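Here are the chains, one letter per residue:
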Amino acid sequence: MTESTEEVHESHLVEEFESTPVPARAQKGARAFWGMYAGEHAAGTEFMIGPLFLLAGVSLHNIFWGLLLGNFLAVLSWRFVCAPIATKARLTLYFHLEKIAGKNLVKVYNLANGVLFCFLAGAMITVSATAVGIPFNLEMPAFDAIYPNSVSFVMIVVAVGVVISAVAGFGYNAVSRFANIASPWMVLIFLGCGIVALKQLGVDSWAGLEAIWTESIVFAQGGEVETSMGFLEVVLFAWFCNAAMHVGMSDLSVFRYAKKASSGWATAGGMYVGHYMAWIAAALMLAAQIKLTQSADPVPGPMAFNVVGIAGIICVVVAGWTTANPTIYRAGLAFQAMLPGTSRLSMTLLAGSVATIAAIFPAFAFKLLGFVGLYGTILAPMGAVIFADWHFSKRLGVTPFHAEANGLGVNKSVLFAWLIPVVVSLYFIFAQGVTTWYFVLPAWMACGVLFLLFSRMRGGLRSRLQRKEE
Amino acid sequence: MRTLCKCIGLSSIMVTFVLPFAYFIGLISLEMMKQGLLIATVLWFATSVFWIGKKAPVNLDGDPLL
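Heads up: the sequence lines are chains G and W, in that order. Whatever position you read off the first sequence (first residue = 1), add 6 for my numbering. Whatever position you read off the second sequence (first residue = 1), add 41 for my numbering.
No lab work stands behind these hints, which were simulated from the structure alone. Treat the numbers as computed from the prediction; the structure is a model and nothing was measured. Be aware that one or more of the hints could be misleading.
What the hints assert, rightly or not - Derived, one-sided and incomplete: chain W residues facing chain G with beta-carbon distance under 7 Å:
id, residue
1, 48
2, 52
3, 56
4, 57
5, 61
6, 91
7, 92
8, 93
The beta-carbon is built from N, C-alpha and C at its ideal position, and this holds for glycine as well.
Given the sequences, and given the hints that come with them, work out the whole structure.
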């Protein structure tokens with residue numbers, strides 16, 4: 007698994023092909039992508055997301071079948087939306103988007119990306135801190151906590167955040183290599199956590215597991231069973247939690263190295279290892295913790311320690327650390343793109359500081375399900391612009407790669423096509439309290455349609471003005 | 042040296058896979074499994090650095106991984 011990951015990454019090392027299409031000699035077969043996705047999607051946040059399903063009162067049936075279907079839809083999105091364009095254009099997301107949206111608009115998109123990265127990294131730091139705190143007998147924050155519960159918790163979060171930020175700033179490559187080494191081991195620890203938790207639950211049949219699962223929900227919800235996520239919500243969450251990567255086209259950057267679009271099937275490795283097995287394993291860990299200790303706090307460190315001991319603590323720290331690092335690094339790059347003249351190191355440290363401050367508030371980690379939906383709602387619609395430009399522009403008489411063709415810094419058709427659905431979605435999310443993951447698909451589709459509509463209208467207006475001048 | 046490290050590393054990862062199942066079917070105790078996993082973890086990290094990822098992977102242009 008890891009050797010194949012190395013194969014993919016070696017090509018990046020030699021030559022990044024950031025502004026030129028990836029040539030045939032640097033392209034890779036599907037095998038290389040299976041290992042990469044399987045390893046990379048077993049991340050620190052998996053420890054958080056699985057237990058949150060139990061706390062949301064999701065039935066066992068809906069978890070098993072909803073995640074199965076939702077992850078399949080995510081794989082289809084990679085295979086049929088992202089990979090075909092990636093293997094034809096062979097450009098990074100940013101370079102591709104720059105040609106359509108303009109250099110300045112890509113910077114704004116990049117900034118939005120960077121800010122959201124910081125909060126995701128913050129959740130990952132919180133996850134790591136819950137494991138680091140175990141040897142110090144740190145009292146963990148409760149599930150409904152918004153603010154930190156003690157000075158010790160703040161100190162440990164800050165210590166973890168400082169180390170992660172410093173490493174992201176000074177020694178990113180070493181961490182990347184370490185992540186590569188850790189990924190097969192982490193996948194097996196996740197699996198082990200699930201198997202041990204199942205044994206601790208003491209069930210020998212599906213009916214028994216369902217009964218104890220329902221008991222756990224009743225306990226966690228203080229004597230009631232209230233479900234905030236049904237089958238549809240679980241499907242939508244699994245489908246869109248990586249929306250920015252598949253329908254949002256971020257993985258154009260990965261699949262531009264693929265020989266064929268069929269390599270998109272390799273994402274099944276990540277979805278069914280990280281977003282199926284690992285989520286279910288983590289959810290079972292919380293159920294086992296409820297049974298054994300009568301604690302429903304979904305704090306990853308103690309949960310992993312209960313089932314697999316010190317190896318579990320190491321896994322939580324490593325999983326949080328290896329995923330927070332590249333996230334902070336990327337946020338730093340995004341900030342640097344907005345502020346030319348600043349150093350990468352200072353911007354990485356700034357991103358790390360923002361992430362660490364966010365990590366002090368456990369609510370960011372405990373509200374991860376909603377935040378992931380928000381992340382997809384804001385970023386994924388830009389992928390619809392790329393999709394619509396690639397498949398429909400010529401047919402509708404719109405110039406493909408419009409910003410590049412006309413030397414624009416900001417393509418207003420893209421700007422408004424992105425802003426309108428995102429602002430409408432944010433209104434419903436924040437003012438009306440509607441769940442975030444309902445908006446990813448409508449916002450994506452609206453953005454694509456509006457982009458074509460605005461481009462067509464502006465093209466028609468420009469033609470009329472030209473005719474008048476003549 | 043590299044071959045030896047590879048053998049130890051692959052054995053330790055195999056042990057990491059097998060131990061939870063051994064506990065599940067009642068072959069070993071929980072404590073024994075936890076200790077075994079810790080030893081396998083130490084061996085994996087101590088030996089894999091010599092044969093995995095000689096070159097640092099660089100993949101910075103995607104999104105954070107969830």
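Taking the hints in turn, this is what the structure says about them:
no.	hint	verdict
1	48	violated, 16 Å
2	52	violated, 13 Å
3	56	violated, 10 Å
4	57	holds, 5 Å
5	61	holds, 4 Å
6	91	violated, 10 Å
7	92	violated, 9 Å
8	93	holds, 5 Å
In this structure, the hints that do not hold are numbers 1, 2, 3, 6, 7, in rising order.
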